[in-house]
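Use the sequences and the hints to build the structure in full.
For the sequence shown, the residue numbers in the numbering used here are 4 to 720.
Hints are computed from structural coordinates only; laboratory data are not their basis.
In this text, a Cβ means the ideal position worked out from N, Cα and C, and glycines have one as well.
FRET-style restraints, in silico, Cβ to Cβ:
| id | residue 1 | residue 2 | range |
| --- | --- | --- | --- |
| 1 | E537 | T92 | 44 to 52 Å |
| 2 | T374 | H134 | 18 to 26 Å |
| 3 | R121 | T219 | 52 to 60 Å |
| 4 | H134 | D229 | 20 to 28 Å |
| 5 | S378 | S257 | 50 to 58 Å |
| 6 | S257 | I188 | 29 to 37 Å |
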Amino acid sequence: MGGRLTTKLCITSVVVFLGLSSGLKAQQVEDLIIQFPFEDIILKVDTLYYSYSGDLIDIDGEPHLPFQYSRDEQVIEVRLKPINNNYFTGRKILLQSNPDYDLMDSITWINDAHFKFRLRFKSISKTDFLHMTFKIGEGNLEQTVRVNLFPYHRTRATIYPSDEDLYLAEEKRFEIITNNLSNLILDGEWKQQGNLEYRLLERDGLGYVSVIPERTGSQKLEINFDTRKPNLDAEGRPIYNLGKQTFNLQVKASRLEFLRLDKREIVKEADSREGIEIQLDNSRFLEMSKTYRLEDREERGGPLVAELYTVRRLSNDKVMCIIRPYLYHRTTDGYLYIKDGDEPRFITNVTIAPETKINKISILREGKEWTTDNSIRPGETIEVKLEGESLDLARFYFEDLDDISADTLTRSDNTANFKLKVPTDLNKRTLEIFNYSKKSGATLTVREFHRPRPLDFVRINYGDGPKVVNTLNQAILHDHTIGDIVLSFDYGKIDRGDLLYGKQQLEVEIRITGPNNELVEMQKIDFLEVCPDETSPRHAFYRGSTCTLQDIRLNNFLSRKTHSLDDWSRIEMTIRHKKENYGGEGYSQRVVIVLQKLVTFDIDVSFPAGLIIKKIGEDGFPPLGGISLAMLAQFTFYDRERIQKEKPYKIGAGFLAQNAFNFNTEADRDLGIVIIGSLYPIKRQRKLSFPLFLGMGYFLNDDKFFFLIGPGIRVNF
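Given below as structure tokens:
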């Protein structure tokens, strides 16, 4: 297989997090634990294949799937082979969105064997911690699987110094010839190496090695290019540098005497008329108390870049001068000629740059896009991009923030990137951005987290003790009178450690219906603001008059109190975040409470017909009776697990008028006191039904006890 790596590593199962309701038993939990769902994961990159089962490597103790890329916007094909073909039956698989790549086509099941899709990366070389995160299943059985990716590149880079002469103290640039410029770390920092100063930088999409020689003659330059993404050696170990390269440079002296300034860069302030005090190398030909012109060309009539006024000679063989810059200049543009009138006397070089200015601040959060909102939140890690002028001359410091920037972050004249960790215990609302020890004029605003937390901090008590609302996914059958329904809040559960959510803004809708589903009452609690308690590191910033500090009793909002509701009434409550305050996001939970009755008592009138009545003390069985009349006080029993579902039997006592509707003069009529059990058809809501009776009683006229069995006609009013 192309690209196979020989790495010894045990492939362990991926930990799976399942949201399980608190009502599950231990055995049920064990049944729901799911192992790593894929038998293999295969990446096709150009013509090479890489597999999770064969090419996995260990990076910082975690398994990573490596692959070699050839360009920053690489397209790869991903194949997911499940542990068995039935594993994903009834389960959805979703790739979470990621700002580092785009999903080119949907995840498709191919040939009853594997899933397939394609990804296009945006900038692999400059992206850290690449991964794919899959969500499998839904609800309480949702499984999250993260697959770490480890891209590598066989980067090459070198320079080809030409035969052009280098001159003492003159900055010279050599273009870097490379197959992946974005993978090289070009930090723009000056480094000293023997008699040379050099730096690696990027300008206008090209890379350069910039060199300033300090002595004439043959000088040796050694460069070791470092990379953002490594190459892998034969044993699969990452290598982040390209090895030492040595170059011999020939340096010549200038025709004019070179005088060095003690400053490498000078900032031209916008409205400043005052000069800048500097020290210049001494020369016996340099006159004191004299103004010299600095021009960028040797010929006459060049533009005036700056004026140089010599003040006095110093004891350290330097000359104190005042320089007044008028135009911008970079050392790479060539020498600056120190002229007396139009005649060049000396040469020097210095960068004259505009004053550092921040024009734009952008912030990137993991999984999000860049935003120009300069608000930050306690506890988060962000990437900050500054855009402006002369940013490479600045040394930025972010007040009270931890700078964890890596060398791979981009910094240039016009952009500077930083990775920052925001402490959770910030006590300021506005943080300054300093350039050295001076305020830059740009600030970051501290805002509290305002994101919806799952409703596990809301509890409801309807008489059986407080219960977490987001675990109540089925209708609650309650067989006692509800004195009140109380909503309470676990304030300490909202913010936990560095995981902050901030104030939770909720609303509650209440709908009460009667036994026949008729509307009894509707109410809405428009606004509840639940604030984290003192265990939150941001508690002091949450306090306010709008925070809900007391439990919510529903009877305070209802005109029809819960304790006065009829049997089989339904109380429906929808507790949700005010989504308009969260950008359309938020959680919602519907809680249904049904006032259940296990036994009810009522008066029934029925018309038993064809009863077999056996009187005690008489021989034989009488013929079937005619239509009788029964008026009974009956107990009705209900299914404990189902709403308003009657059981098919009743027990009652009352009166039986034997043959009440039999008008035959020879009919045996009598009035009896009876205890009867009856079996009814299981279908409800029938006005006319035909139950089966079984019971015993006492005839008042005959003064005899009897047993009876037989059908009847029941009219339900």
